[in-house]
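Modelling step: build the complete structure from the supplied sequences, incorporating the hints.
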Amino acid sequence: MYRVGVDIGGSFTDIFIFDEETGEIFVKKTPSTKMPEEAVIKGLKGIGDKEIKFFIHGTTIGTNAVLEHKGAKIGMVTTSGFKDIIEIGRQSRGWPKPEVYNFTIERPEPLAERHLRFEVSERVNYKGEVIKKLKEEEVKNLTEDFKELESLAICYLFSYINPIHEKKTKEIISKRLPDLLVSTSSEVLPEYREYERFSTTLLNAYIQPVIAKYLKNLKLKMENNGIHKKIYIMQSNGGIMTEGVAREKSVFTLLSGPAAGVIGANFFGKLTGYGNLISFDMGGTSTDVSLIEKNRPRLTSEGYVGGYPARIPMIEINTVGAGGGSIAWVDRGGALRVGPESAGADPGPACYGKGSYPTVTDANLVLGYLNPEYLLSGKMKIYKDRAERAVSEIGKRLNMDVVKAAYGILEVANSNIIRAIKVISTEKGYDPRAFSLVCFGGAGPLHAGKIAKEMGIPTVIIPIYPGITSAIGLLVADMRHDFSLTRIERLDYVDIEFMESIWEGLEREAIKTLKEEGVSEEDILLNRSIDMRYQGQSFEINVKASKDGLEEDFKEEHEKVYGYSSNDPIEMVNFRVSAIGKIKEIRIREIGEGDIEDALAGKRVAFFEGSFFETPVYRREKLSRGNIITGPAIIEQYDSTTVLNPGDKIRVDKYGNMIMEVGRKWIQ
Amino acid sequence: MDPITLEVMKNSLIGISEEMGVTLKRASYSPNIKERNDFSCAIFDIDCRMVSQAEHLPVHLGSMIFSVKQALEDFGIDNIEEGDQIILNDPYKGGTHLPDITLISPIYYKGNIVAFSANRAHHADVGGISPGSMSGNATEIIQEGLRIPPVKLYERGTPNDGILKLILANTRTPKERAGDLRAQVAANLIAGRRFIELINKYGLDTVIEYIEELMNYSERRTRLEIEEIPDGQYEFSDYMEGDGIEDRVFKIHVNVTVKGKDMKFDFSETDKQAKGPINAVLPVTISAAYYVLRCITDPTIPPNSGHYRPLKINAPKGTLVNPDFPAPVAGGNVETSQRIVDVLLGALAKAVPERVIAACNGSMTNIAMGGIHPETNEGFAYYETLGGGFGARYNKDGIDGIHCHMTNTQNTPIEALEEKFPIRIERYALRENTGGLGKYRGGCGIERRIKLLANEMKVSILAERHVLSPYGLKGGMEGTCGESYILRKGKKIKLRSKDAKTMKKGDTWVIGSPGAGGYGDPKERNRELITKDLKSGLLIKIC
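Top to bottom, those sequences are chains A and B.
All letters in the first sequence, in the order written, are residues 1 to 668 by the numbering used here.
All letters in the second sequence, in the order written, are residues 669 to 1211 by the numbering used here.
FYI, nobody ran anything at the bench for these hints, they're computed from the structure.
Fair warning: there could be bad hints in the mix.
[Said to hold, decoys possible] Residues from chain A that keep clear of chain B, each with C-beta distances beyond 12 Å, as calculated: (1) Ile25; (2) Gly46; (3) Gly94; (4) Leu398; (5) Ile502; (6) Val561; (7) Lys582; (8) Val605; (9) Ser611; (10) Glu636; (11) Pro646; (12) Lys654.
[As the list claims (entries may be wrong)] What the simulated footprint calls covered on chain A by chain B, stretch by stretch (three residues with Cβ under 8 Å from a Cβ of chain B suffice, anywhere in the stretch; the number is not a length): (13) 71-84; (14) 408-420; (15) 537-549.
[Unchecked claim] Lysine-lysine pairs mimicking DSS-like chemistry, simulated, CA-CA at most 25 Å apart: (16) B:Lys1173 to A:Lys133; (17) B:Lys1088 to B:Lys1126; (18) A:Lys404 to B:Lys869; (19) A:Lys147 to A:Lys216; (20) A:Lys450 to A:Lys603; (21) A:Lys73 to A:Lys132; (22) A:Lys544 to B:Lys693; (23) B:Lys1203 to A:Lys147; (24) A:Lys649 to B:Lys869; (25) A:Lys294 to A:Lys555; (26) A:Lys555 to B:Lys1088; (27) B:Lys869 to A:Lys428; (28) B:Lys932 to B:Lys919; (29) A:Lys132 to B:Lys1172; (30) B:Lys1157 to A:Lys132; (31) B:Lys843 to A:Lys555; (32) B:Lys693 to B:Lys833; (33) B:Lys1126 to B:Lys1169.
We treat Cβ as the ideally placed atom computed from N, Cα and C, and that holds for glycine.
Below you can see the structure in the form of structure tokens.
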């Protein structure tokens, strides 16, 4: 039986097939097509319905629709007097990072144009009391205006505490326009803070028709080809859900791509016996880093997509514009800079033979880290002379030779990445030296050793397939749903029954959803938690629920995160339930024993500690369990190259993963 | 000089000031710091030069140099010891306005001071005649709150309880203040730790060498940008509309001289200082000047003392932009600083029209409310600022309803407000037709309507541009002025831009912030943009 994962990229659609019996993984690449589902169908050719156990789909369709402003034509119905909340936002400039000195900034256009944002008379107060009854006639009169719309968002103030008007409005509209997709803010995200809730609801409305259409077509075509399996979709929280749920809760699919990478990194962390991990995914244009504590990725609900807040639980990922294709340049003040501009795939780094941008990849080539003849195990020819020419141009402007310039490019790129890792570790109160670096993506293993050494990280894990670690994340993810509800109450004023009733309500919803998705009761895992704060504060801390110790747990967490706690009254804000449907863990194939000499492919000169050394080059595919390599060395495989620095050591585990022990920083 | 080490060092130093900010934000108590980001963090070298500052609020940019200088002058470098934390807020002794409290601490390495870390945070209350310490009608600084000259809050790592008690006894919210001060100490400590790590890695000499280099680098980049500005003298003036005490306008005038790679801002023809609290002390004026320098050169230049070297500022003593003690100053920071920016951009528009923008709404529209909550019988106080129009650019429209120039604080969600205070927000929306017309139009202002549910509430406003509208550029029209009135039984009770009133149950307070100026002749506006405005309803006047 196979687990099949699909990942639609800009140029290629990848199909990953994991054979549950043998533990082997196959990758099929097909060029992406205008109608994305066609490439999927093409890639699935030759696999029978009976052979497929799971079909898991990572999709950037929703994310791209937002980033490229190609979502549906949507409208919005809101409380009278407040149609511009979605435009004003929080009044500050910079989305999401402040940009205070830039006169050319642009606020992201609201997803519903102003003339399609309609106001109706209604009002609920903060206690949930109706103080102005919904004027149903106004809603009825609006339905004429909705005819040109594909999707509609209903967003009223305080609907998280009393959704009655949102429900009634939806009912009236759906009766008249049964085909119109309608999202209500109380269903999408029943949490307080109107701008963020409205924004999340609009995002849902905006991508829902796009995702629904795609899934419908895909399903149809798959069935025409005899495949009747359920489709599972990746979410930004690192879990998967069925396609039926994805059509309703489309917003949960946003930014799911990088989340899969973190799940993949965590899988290899578990496999190699490490729990505290920093996942480091370095691709062509950017690097994603994320922190995993005790094999649990850190979640945040303060994410943004294309400048729009999306308050859905997302794996916390920090992205920096430093990848293999990042361009090196000299600024007007004479400093060497790398990125964020990237040469992309076309023209690509100078060594690809098309352009002349000096990139990080070219620097790696000049220093002998990359194979001077070809990449992708011979499938792609590269031109070292062109890399040298491009890098030496930069060198000339800095008054350095080509080697020094190449070394500088890597130093600067690494320092950008180190800064990004500090943001998710030291700045959140975690010491990176207590973590292991899981590196993947095409360029990750080239840089990881140096970065780990610089940061004092003792261990680097290079998974067996660095190029497809994200895809493995798709194949191993559990089902997951997060439910939440805002109820602002003082902790010492409410009884346990009140809290129980809220959690039970959320759990009922969670169990219902998972059961509808085909998960059996014994595979369901429920986790309750609650966001709390001291009364008067305007930010919350998430605390795992326990029968009685809530107050103590909150204080302890507050002390840890903010450095102090007090005896002030505590408020509960958001109740949360995360529901996990366990998926059977996969077992990947073990490798055999053998001699390290069998993997030795040759030698080439590479730059370490200030000069060029004859450095052994190994083929990763030929490594055996228990092999030990001491640096300096280079290990090549199909889609990635690992650099092992002097003083460091690699051990190969029984699955073929490489565990790098990083020695202390050498003196330059 | 090695350009690689330079870039790596730049990343590390900016990283340190950013980490200070994260620490401050994380450990602080008040929403003002946590949500509104009203603070800033920086590192200084032993010669009181700024080494790096994190990008927080422009209104603090570069002005902490004065605090460090004052601390050194008052104590003498030999009397500043390891573990000391010097606190100050006095605008006439290195501060800006009283709510901004600055903490400075020395960084010691092998028994010698090698640098200073400093951070400044806006505290919600430091006493004075009105809650929030932002009174619109004080006539001397003594009325505005507690003045703290440079004193040691910590001596050799030990808190000075006497001083702390004294400060806490002079604020309406002592618990919050204690928490925020603790956070400020923590931020300075983290900077010290990280700076020492940097020295351990590269060696003290190298760090010092590259700090110098980094300043030279910023200076080089700044001078290259200034060189592109045509040489010449460019003048402009604009006005503050009243100071809350006297009903007259106050002129701010600048003469900008550009010569080669140097630039000078001369404010000598500015009016004398005001009786009311719209005076901007020199550090505030300098922040506004640095803000403009940064915007019109290149915002990616690392902000340090080198960045500011090409700029000379002349602001004579006794004027609105450099007042003498005991002039009140609360509004200098929040209102006058905005006008200084307007004046500088107005002058520079004559030299580099494509690098500047038309006047933004020109105010922070500070509103404050206070009274007794009927449900708890406890006192409450609520302070908020309103964004407005962002000025039109030479190639595109401005932005509607947003905070501009010297501020970038966030609003409080309505769903949080109504839960805390006995008010109901009836409207929070863009003010249609308030953006100045032009080839590119200015942004529209914001309207907020607040209905009182309790019996009585005191309200006050500290704003600008209710009489004198924000200017347009190159034929662009002016933005519409702001306004404020109380609706009582169908009648309008008007408030001035700096005013205070008492609301009764059922009253609704309407506050409208100004729109921004347009850019270019409105007749040249293209059809598509006109259609867009008509459709959105943001602009229905067509000339």
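Results of checking the hints against the structure:
| no. | hint | verdict |
| --- | --- | --- |
| 1 | Ile25 | holds, 38 Å |
| 2 | Gly46 | holds, 50 Å |
| 3 | Gly94 | violated, 7 Å |
| 4 | Leu398 | violated, 5 Å |
| 5 | Ile502 | holds, 18 Å |
| 6 | Val561 | violated, 7 Å |
| 7 | Lys582 | holds, 35 Å |
| 8 | Val605 | holds, 22 Å |
| 9 | Ser611 | holds, 17 Å |
| 10 | Glu636 | holds, 27 Å |
| 11 | Pro646 | holds, 19 Å |
| 12 | Lys654 | holds, 38 Å |
| 13 | 71-84 | holds (count 4) |
| 14 | 408-420 | holds (count 7) |
| 15 | 537-549 | holds (count 3) |
| 16 | B:Lys1173 to A:Lys133 | holds, 22 Å |
| 17 | B:Lys1088 to B:Lys1126 | holds, 16 Å |
| 18 | A:Lys404 to B:Lys869 | holds, 21 Å |
| 19 | A:Lys147 to A:Lys216 | holds, 22 Å |
| 20 | A:Lys450 to A:Lys603 | holds, 21 Å |
| 21 | A:Lys73 to A:Lys132 | violated, 30 Å |
| 22 | A:Lys544 to B:Lys693 | holds, 24 Å |
| 23 | B:Lys1203 to A:Lys147 | holds, 17 Å |
| 24 | A:Lys649 to B:Lys869 | holds, 24 Å |
| 25 | A:Lys294 to A:Lys555 | holds, 22 Å |
| 26 | A:Lys555 to B:Lys1088 | holds, 23 Å |
| 27 | B:Lys869 to A:Lys428 | holds, 23 Å |
| 28 | B:Lys932 to B:Lys919 | holds, 19 Å |
| 29 | A:Lys132 to B:Lys1172 | holds, 22 Å |
| 30 | B:Lys1157 to A:Lys132 | holds, 20 Å |
| 31 | B:Lys843 to A:Lys555 | holds, 17 Å |
| 32 | B:Lys693 to B:Lys833 | holds, 23 Å |
| 33 | B:Lys1126 to B:Lys1169 | holds, 6 Å |
In summary, the numbered hints that this structure violates are 3, 4, 6, 21.
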